[in-house]
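Based on these hints, arrange chain B on the given structure of chain A.
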Amino acid sequence: MAATTQTHRSASSLRAASLQAQSLTGSGSPHTPKRAASTASAFSSPAGTRDNDESMIFEFGSRFFRAGFSNESTPRCVLGYGPEEQRRAGDYRRWTHGYENNWRKRKRGKDWDEAYELWKMDLRDVDLGLVGDRIERVVRNAYHKYLLHALPRKLILILPPAFPHPLLSTLLTSLFTNFQLPLITLMSSPVLSTIASGLRSALVVDIGWHETIISGVFELRELLHYRTDRAGKMLSREMGKLLARESMKSQEWHEAKDAVADDDENLSDKVSFEETQEVLARVAWCRNYNEALCLRSAPHQESSEETFADAPEQLESSSITEGDNEGAPPASNRNDPTIVVPLQSTSPPATVRLPMSRFAEPCETTLFDTSTAVDGDWDDNEVPIHHLVYNALSSLPRDVRGICMARIIVTGGVSNIPGVKNRVVDEVAALFTERGWEKVRGKAAEQRKKKLEEINHNFQSPPGPAEAQKTREYPHDDPSVPLHTSSPALEDPEPDPIDEKLRRENPQAAKPPVHGIVRGVETLGAWAGGALIGNLKVKGIAQIEQDKFLQHGLAGASKEGDVGVATQRFSAGPGAPRGTSAGERSSWTLGVFG
Amino acid sequence: MFDRPGNITAQLEKIANGGGPASAEERAAARQKLITSGKPPETITLSDEPTPDERFKKLKSFYMTQLMDSSSSSASTDLSSAYGYGSPGALSRIMGLYSGVTGYGNKKTKTKSAPMREALTQSEGLKLLGREENTIEKMKSVQWNGMTSLSQRGEQKYPVRFLSNYIPTMALRQLQPTTLLDYNALPPLRPIQLLLTLHNPLFDPIRITLATPSHTPGRIASKVTILCPEFEIGANTDVWDEALSAGGKEKRRTKAESSEGQAEAGKIWEKGRNWTTVVLEVVPASLDPTPMLPIQKEGSKEALNPANAAAALEEDDDVLEIPLFVRAEYETDATADGGDAGGGVAGAEKEKEKRELAYWCVLGVGRIAHSGTPVPS
Chain A
1 MAATTQTHRS
11 ASSLRAASLQ
21 AQSLTGSGSP
31 HTPKRAASTA
41 SAFSSPAGTR
51 DNDESMIFEF
61 GSRFFRAGFS
71 NESTPRCVLG
81 YGPEEQRRAG
91 DYRRWTHGYE
101 NNWRKRKRGK
111 DWDEAYELWK
121 MDLRDVDLGL
131 VGDRIERVVR
141 NAYHKYLLHA
151 LPRKLILILP
161 PAFPHPLLST
171 LLTSLFTNFQ
181 LPLITLMSSP
191 VLSTIASGLR
201 SALVVDIGWH
211 ETIISGVFEL
221 RELLHYRTDR
231 AGKMLSREMG
241 KLLARESMKS
251 QEWHEAKDAV
261 ADDDENLSDK
271 VSFEETQEVL
281 ARVAWCRNYN
291 EALCLRSAPH
301 QESSEETFAD
311 APEQLESSSI
321 TEGDNEGAPP
331 ASNRNDPTIV
341 VPLQSTSPPA
351 TVRLPMSRFA
361 EPCETTLFDT
371 STAVDGDWDD
381 NEVPIHHLVY
391 NALSSLPRDV
401 RGICMARIIV
411 TGGVSNIPGV
421 KNRVVDEVAA
431 LFTERGWEKV
441 RGKAAEQRKK
451 KLEEINHNFQ
461 SPPGPAEAQK
471 TREYPHDDPS
481 VPLHTSSPAL
491 EDPEPDPIDE
501 KLRRENPQAA
511 KPPVHGIVRG
521 VETLGAWAGG
531 ALIGNLKVKG
541 IAQIEQDKFL
551 QHGLAGASKE
561 GDVGVATQRF
571 SAGPGAPRGT
581 SAGERSSWTL
591 GVFG
Chain B
1 MFDRPGNITA
11 QLEKIANGGG
21 PASAEERAAA
31 RQKLITSGKP
41 PETITLSDEP
51 TPDERFKKLK
61 SFYMTQLMDS
71 SSSSASTDLS
81 SAYGYGSPGA
91 LSRIMGLYSG
101 VTGYGNKKTK
111 TKSAPMREAL
121 TQSEGLKLLG
131 REENTIEKMK
141 SVQWNGMTSL
151 SQRGEQKYPV
161 RFLSNYIPTM
171 ALRQLQPTTL
181 LDYNALPPLR
191 PIQLLLTLHN
201 PLFDPIRITL
211 ATPSHTPGRI
221 ASKVTILCPE
231 FEIGANTDVW
241 DEALSAGGKE
251 KRRTKAESSE
261 GQAEAGKIWE
271 KGRNWTTVVL
281 EVVPASLDPT
291 PMLPIQKEGS
301 KEALNPANAA
311 AALEEDDDVL
321 EIPLFVRAEY
331 ETDATADGGD
341 AGGGVAGAEK
351 EKEKRELAYW
361 CVLGVGRIAH
371 SGTPVPS
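Quick mapping for you: the protein sequence lines, in order, are chains A and B. Numbering-wise (the UniProt record's numbering), the first sequence opens with residue 1 and increments by one. Numbering-wise (the UniProt record's numbering), the second sequence opens with residue 1 and increments by one.
The shape of chain A in the complex, shown without the other chains (with noise of 0.2 Å):
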């Protein structure tokens, strides 16, 4: 055996040895490419340079823009879009003197909060063009600035799940004419924010600017994504109209008091977008599960600061409530004291004094708030944030259900706030407690539990797996069926000779994996998953390089099925497939962006 081997390992140097040379002397002229980073890569050769190693990291987000290195736990910078970043180098105005009362008149787009976001979620108003400079924009002041050393030419990109077309267009387009990079890789984050936590399946729970995303995660494929409003621009909103209304009053301002309406064209001209954004980046903070349970079960306590953004009569009984409220200071005790913010974007300038407790409404009414709706009857884009999550639950498969619910993963702007993870766990596992995974709820399906109840002791054999879970999933279906009243969920799962025999025989996975419970992980975010990624040199699916793409556009991609999926597999060990597989490709796809 030693032997052959030996003989074998010789004969495939040899052939390693005339396949460089072959690459080498194709080239036409005798001498070493210098900055071949394809071949060098694909021969894993030691003397190659770290820079062959290395990718770059680029996450895009509706606000923030973060840039690094593969090497490196944290990315090199965090760029916004807002109109302080691009400004012109030298432009020190910020600094002068009353530049921040000046904010009205500098407003660049249409809404209050539109500059500061690189795009928005109806693209019909979007300046594609526009869209376009701010990236290059963003991108060489990360280049210039902090991304100083010999750049890697491989980029990562990693971008919110089913990214639009047109915005992905552009952002590749701007990439590709302006930093002359060959190779992109586009990265979906929710997949990377679980391989940041350690995690192959996870349930992603992406609280971002625009909207939250909820994402089924298994075995690194995602599987279904549920969307809500509910994320940090509402947020930031709530919390600037709770600011603007505060100053006035502390303005002893009532005639303007009354003018204080909800819509966001007030909003604009009251509080700017930088203070609330600073506002909700120190003192925000969200309830946890039991205060929460508490202010719900006693709502007369706290009335007037639960339904202050209702609707414009609750708001004036609340006013009403409040103007009582004004004569005594509010009590500032140890649990909840007086917080002291002074703004200056107010004209004039005020000093909101706040007990702690009210700046955790925003977060309350924005994520959580599950009042403006009988329970199920919300709007498609407007689900509070832990019922979507139950809802993302439940529509997965059992098994998969099973896994994800104890990998719960928090993540994105607003899951920086004190509380807010704490709070989605808590309330998922509340409503899980409540209901199972029962889908059919309601008086009539009460009724309807009541009855197979009754009749429960008739029917004589209990239904195979198979039948269990059909009945389980699709009740409605197939009314003749009766209904199991105990959770299958709930019950010890029979256990599975495969899986046992599994475990013999690789004792390192002795553990079975935690299924069955409600559990929240950390994780570190998408860009060091990205980050991770790219450190273990694993071949992306979606892998687009320069010059097709400039060919043809998005409109050269072919679809997923046509290119091998097998690649991006871990099994697929550091340069192990790359001889044997295809190779060059010569189709490229979108992968799950397509």
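Hints may contain errors.
Claimed, not checked - If you anchor each label on the Cβ, the simulated ranges turn out as follows:
#, chain 1, residue 1, chain 2, residue 2, range
1, A, T372, B, I167, 51 to 59 Å
2, A, P166, B, R153, 28 to 36 Å
3, B, E356, A, E136, 27 to 35 Å
4, A, G594, B, E281, 47 to 55 Å
5, A, D91, B, E133, 41 to 49 Å
6, B, V142, A, Q447, 53 to 61 Å
7, A, E136, B, F203, 27 to 35 Å
8, B, R207, A, D91, 26 to 34 Å
9, B, L357, A, P348, 36 to 44 Å
10, B, E232, A, D91, 30 to 38 Å
11, A, D133, B, E133, 40 to 48 Å
12, A, D91, B, D69, 51 to 59 Å
13, B, I167, A, P166, 32 to 40 Å
14, A, H552, B, L128, 43 to 51 Å
Simulated from the structure, these hints should not be mistaken for laboratory data. Don't be surprised by glycine CBs; every beta carbon is placed ideally from N, CA and C.
Leaving out everything else, chain B in the frame of chain A:
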């Protein structure tokens, strides 16, 4: 400050850490040392919570070992691995083909790669969601000023800026020095002649072509004319070279003398060793709102306020800026910086190579005076 021109980040980190690299491992070792030394817990200042950096390192090593286990390829640097012979499974399959011994088939099942698994423990980088109540309690105890502001968060890493050294520098100044021009209140609808000076940082003479739209973009469109858009700039040679060689033959500065103080179209204004000046004529547009402004909002506060007569103008609408397209051509040694253009071919060192640099830039002139405000003299 820096020892080497490259790898600035590592050098910066070194400086920030007071001379030595502080890796995650070292911190972990220090923590372990503190714990094992049996000191009372009050003195232990390092928290048990792994930093994100440490978690990243753990995850990285976890995935590396998983990849090793699953692919069983012994060394990624092994050349043979690039051709798919690296894994024992593939190897034994091929050996089976050659030898015809069926035993290899059985081997294959034995060495079948284990599927990758997820991280299970904290040492592998997994971190379960902790409680956040402590943070909220802490928020209650510190006031507004005790919490990290956005700018603090943003400025964690200090950016280092390097100026590119191959772009001609530009300067703009007034032609007639007799009447002092207030750049913050340029008189509208009156032509201003400006001198645009370009300095060449390269060691080769460059040919410059300038272009600009005849009207500046934006709502307030001012007229711009470059009187001499094509010219040459001398090389950035040694100052002594010029002093010695130019001697008596040429004047140090060549000026369009025929037209004293008067700009002439198609001719450069002034020229020196590595700089050239041309004349730029600008007619600032009027800020008078009548012809070009959209209808003001009815009843809006600004419209009622007489102090804000020009309120409908947005910030910076009165700034006069000229977009300028610059194209520079020059010839240089092909091996001068040996990188981009596939240089490095032996024997071609003396070859001159044509290079081209083209970019847009913006010249800031000043602000146009508001029609209401009197121009201060």
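The hints, checked one at a time:
1. T372(A) to I167(B): 51 to 59 Å: 57 Å, holds
2. P166(A) to R153(B): 28 to 36 Å: 32 Å, holds
3. E356(B) to E136(A): 27 to 35 Å: 20 Å, violated
4. G594(A) to E281(B): 47 to 55 Å: 53 Å, holds
5. D91(A) to E133(B): 41 to 49 Å: For E133(B) against D91(A), whose Cβ atoms are near 44 Å apart, the range 41 to 49 Å holds.
6. V142(B) to Q447(A): 53 to 61 Å: The hinted range 53 to 61 Å holds for V142(B) and Q447(A), with Cβ atoms some 54 Å apart.
7. E136(A) to F203(B): 27 to 35 Å: 30 Å, holds
8. R207(B) to D91(A): 26 to 34 Å: Check passed, 31 Å falls within 26 to 34 Å.
9. L357(B) to P348(A): 36 to 44 Å: For P348(A) against L357(B), whose Cβ atoms are near 51 Å apart, the range 36 to 44 Å is violated.
10. E232(B) to D91(A): 30 to 38 Å: At roughly 32 Å between Cβ atoms, D91(A) and E232(B) fall inside 30 to 38 Å, so the hint holds.
11. D133(A) to E133(B): 40 to 48 Å: Since D133(A) and E133(B) have Cβ atoms about 45 Å apart, the given range 40 to 48 Å holds.
12. D91(A) to D69(B): 51 to 59 Å: About 55 Å separates the Cβ atoms of D91(A) and D69(B), which means 51 to 59 Å holds.
13. I167(B) to P166(A): 32 to 40 Å: 33 Å, holds
14. H552(A) to L128(B): 43 to 51 Å: 46 Å, holds
When the structure is compared with the earlier hints, violations turn up for hints 3 and 9 and for no others.
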